[in-house]
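**Q** Taken in order, these protein sequences are the chains called A and B. No gaps in the numbering here: position 163 of the first sequence is 611 in our numbering, and each next residue is one more. No gaps in the numbering here: position 323 of the second sequence is 338 in our numbering, and each next residue is one more.
Possibly wrong hints are sitting among the right ones.
Think about it this way: if two alpha-carbon atoms lie no more than 25 Å apart in a straight line, the pair counts; the simulated SDA-like pairs of lysine to any residue are [what the hints assert, rightly or not]:
hint	chain 1	residue 1	chain 2	residue 2
1	B	Lys100	B	Asp306
2	A	Lys596	B	Leu387
3	B	Lys269	B	Lys660
4	B	Lys660	B	Asn410
5	B	Lys268	B	Pro492
6	A	Lys596	B	Gln401
7	B	Lys47	B	Leu387
8	A	Lys571	B	Lys269
9	B	Lys511	B	Tyr633
10	B	Lys226	A	Arg466
11	B	Lys200	B	Asp499
12	B	Lys526	A	Lys464
13	B	Lys405	A	Ile487
14	A	Lys464	B	Glu229
Keep in mind the hints are simulated off the structure, nothing from the lab.
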Amino acid sequence: MDFTLKIWRQENAQAKGRFETYKLTGISPDCSFLEMLDILNETLINDNIAHPVVFDNDCREGICGMCGLYINGRPHGPDDGVTTCQLHMRRFHDGDTITIEPWRARPFPVIKDLVVDRSAFDKIIQEGGYISATTGGVPDANAIPIPKQDADEAMDAASCIGCGACVAACKNASAMLFVSAKVSQFALLPQGKPEAKKRVVKMIKKMDDLGFGACTNTYACEAECPKSIKRTNIARMNREFICSKLTSSEE
Amino acid sequence: MATLNSKIPEGPLSEKWTKYKASQKLVNPANKRKLDVIVVGTGLAGASAAASLGALGFNVKVFCIQDSPRRAHSIAAQGGINAAKNYPNDGDSVGRLFYDTIKGGDYRAREANVYRLAEVSNSIIDQCVAQGVPFAREYSGYLANRSFGGAQVSRTFYAKGQTGQQLLLGAYSALSQQIKAGTVKMYARKEMENLVIIDGKARGIITRDVKTGEIERWFGHCVILATGGYGNVYYLSTNAMNSNGSAAWQCYKKGAFFANPCYVQIHPTCIPVHGDYQSKLTLMSESLRNDGRIWVPKKKEDAEAIRKGEKTANDIDEQDRDYYLERRYPAFGNLVPRDIASRAAKERCDAGYGVGTGKAVFLDFKDAINRLGKDKVEERYGNLFQMYQKITDDNPYETPMMIYPAVHYTMGGLWVDYELQTTIDGLFAAGECNFSDHGANRLGASALMQGLADGYFVLPYTVQNYLSAEIYNAPIPTTHEAFDLAEKEVNEKIAKILSVKGNRTVDSFQKELGHIMWEKVGMGRNKEGLTEAIPMIKALKEEFWKNVRVDEANECMNPELEKALRFADHVELAELLAMDALQREESCGGHFREEHQTEEGEAKRDDENFMFVGAWQYKGEGSEPELHKEDLNYEFIKVQQRNYK
Ligand code: FES
């Protein structure tokens, strides 16, 4: 297959970026999207055309959350329920022009080319995305039975890979889906209850402080999430938040 | 010359660890704050160690190469984590988990370490549940278990097909808590490039910031390496793109012995190779072997017709299918250990019964779907089936999956004693980057167990024991000449790579190396192939330093340079791996020497001459490394021929 690639190039955070166009021919439809970029880079280096295009990736099997490209106007491209690394060229047509950009969101500044800084997500988790169980001194794993349905729902919420597609998809750059997935996971489990009230308030505050926008209920995040994290998590987080505010005895 | 002292505590096996903990030296809280601990890597071992040591009150600095600690490749582990809880009441116990692990490792692991691993396994599950890890549960609300290769009990805990992800996110959350508390400082996108040794002790590391190229110096009273395995030496493997053996190799070159490099696990159930542009191989969890049946056609004509596309799997009648694992190993059937399942697949394909490209066998869920219903199968394996379909464009609910073995895990690694300390004082190694617990073959669902055991439950004791003698030593300023020297080495290596300005990309070298390794140092090894491989690897190394092309500068994000720095180490590691494979004139676990097999084609160990850990010592560029032997004494287990029939 042959493609024309329009790729965002930007030397560093300060530089002004621009689109560059490259042609690529003879790509197998079974090739993955990132392998297609590998081939492009090989050509760019071998033929001395330009510096290779830099993009984040690691596991290449849809689980680490490191990859994330904005392809033809969609986070992770045209296929549903997959990350960029799981996208295959058979999803495109021979001769297509493909536009490739980094995530565009104020809290995710571009580092170089297609690489952005997502450390804001780590900072939100550090505010309360955990159960304070330090090593040792915990009860037997079967001491507290958890209804299967709750455990399954918690698992679904916990499947979030932290790639940031939800933020990139949202016109307000809101991180509600990401934050609510973590809040939900712990809200559904008895172990998460003792810290639940504090957790939701602190994580939401941090999210606001870091410059993520508000949720205006468009749910592009849910539509573009490669792990199908549900918007019901946002509803659950809102309930947790209100309930926390209503019953809070401190402050 | 140092002889290897494994420092195994005296006494009966079941009391060793308890005794160690009771007599181990402690550090008081005020002193803990004054002691700096460096942890390299944030996978299960690194994140859990950093979180636990931080919670104890030590001053921890932790480094990872990705943009966030949550990306480490532990996240990709699918199937599960073993523990001897015996919740199903099917006869499991610490003793049985210990025995299965030793036997699975083909009697090439150290008894005391493995026993401790089995002993702490239950605490790991407790810890993870307390952290909110959503393990699978039964309708009763209690935890569910499944079985895995090499075991006859159900002892594997799991979270769908994403167990590694959930455990890593658990450890990451514990780490995040400590970062917030200020006991742990997190440094992302920094790659370790050298180890600093002062007066014989590990005292720090040199890193390269992958965003800016900046070379930085870090002091620690001790250094913990948790940097994973070296499977990417083979280029195509199930490892992540950034997984590498570089940090361990730097430590080897600074004096840490490298043990059993030839023990490489080839995982039987991966999606087969389909093109030369491929960058990695994808694993299909071993848990699939619980319900999937592996087969190839009985008749060569059928296999050929399938390869040509004239027939499909569904055209082959039941009596014409050869369920070769069930045929050869009736007791364990499709659940034989990984090394055995891998070799059996290669044997059938080499004999002309392979399907797909000829290098693939079927993994069939037809019977499971008939027995359990499609819904149940989907509940158990849905995400794996989806992953398979996305990659291959085939629907595994309708046609059997095609699978083939691929490099997955390295049992070899830095030699460590009972305290997980390497031959360099103050340098510890945890998780896959040490050699400690899996012998010559790792059982499924034991990697997660080992990573977390090392990080949560072993290092917090043993590191503290080491640091108790360090309370009088103030931090050494990073202006010390040892730091100058270590940094200079890194700068020179980078400058040298950039100055070559040759004609070949790093990937082309790594691909070529991978090809040599897979063909000659892969699943079946022999003297001839290994003796050919070594000079080929040497020649490739030479060519690399003359002909590699990395043209962008150091001072920016430059993945080509990162890859080149790693390759420079991988090509040397590959040579040691081949030498070790040549030295080990026996077949055991994942190491199969074709000269040493039984009439039925099973691995033939040589306990008389090879019941030892082979630990290599670096002797400088251009000199042969020296092999040291740690004899394995089985006091508690009766060594037998491994039998899964
Ligand atoms: S590279 Fe890990 S999710 Fe894509």
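**Q** Now tell me if each hint is right for this structure.
**A** Going through the hints against the structure:
{"no.": "1", "hint": "Lys100(B) / Asp306(B)", "in the structure": "holds (23 Å)"}
{"no.": "2", "hint": "Lys596(A) / Leu387(B)", "in the structure": "holds (19 Å)"}
{"no.": "3", "hint": "Lys269(B) / Lys660(B)", "in the structure": "violated (45 Å)"}
{"no.": "4", "hint": "Lys660(B) / Asn410(B)", "in the structure": "violated (33 Å)"}
{"no.": "5", "hint": "Lys268(B) / Pro492(B)", "in the structure": "holds (24 Å)"}
{"no.": "6", "hint": "Lys596(A) / Gln401(B)", "in the structure": "holds (23 Å)"}
{"no.": "7", "hint": "Lys47(B) / Leu387(B)", "in the structure": "violated (55 Å)"}
{"no.": "8", "hint": "Lys571(A) / Lys269(B)", "in the structure": "violated (36 Å)"}
{"no.": "9", "hint": "Lys511(B) / Tyr633(B)", "in the structure": "holds (22 Å)"}
{"no.": "10", "hint": "Lys226(B) / Arg466(A)", "in the structure": "holds (20 Å)"}
{"no.": "11", "hint": "Lys200(B) / Asp499(B)", "in the structure": "holds (23 Å)"}
{"no.": "12", "hint": "Lys526(B) / Lys464(A)", "in the structure": "violated (35 Å)"}
{"no.": "13", "hint": "Lys405(B) / Ile487(A)", "in the structure": "holds (20 Å)"}
{"no.": "14", "hint": "Lys464(A) / Glu229(B)", "in the structure": "holds (23 Å)"}
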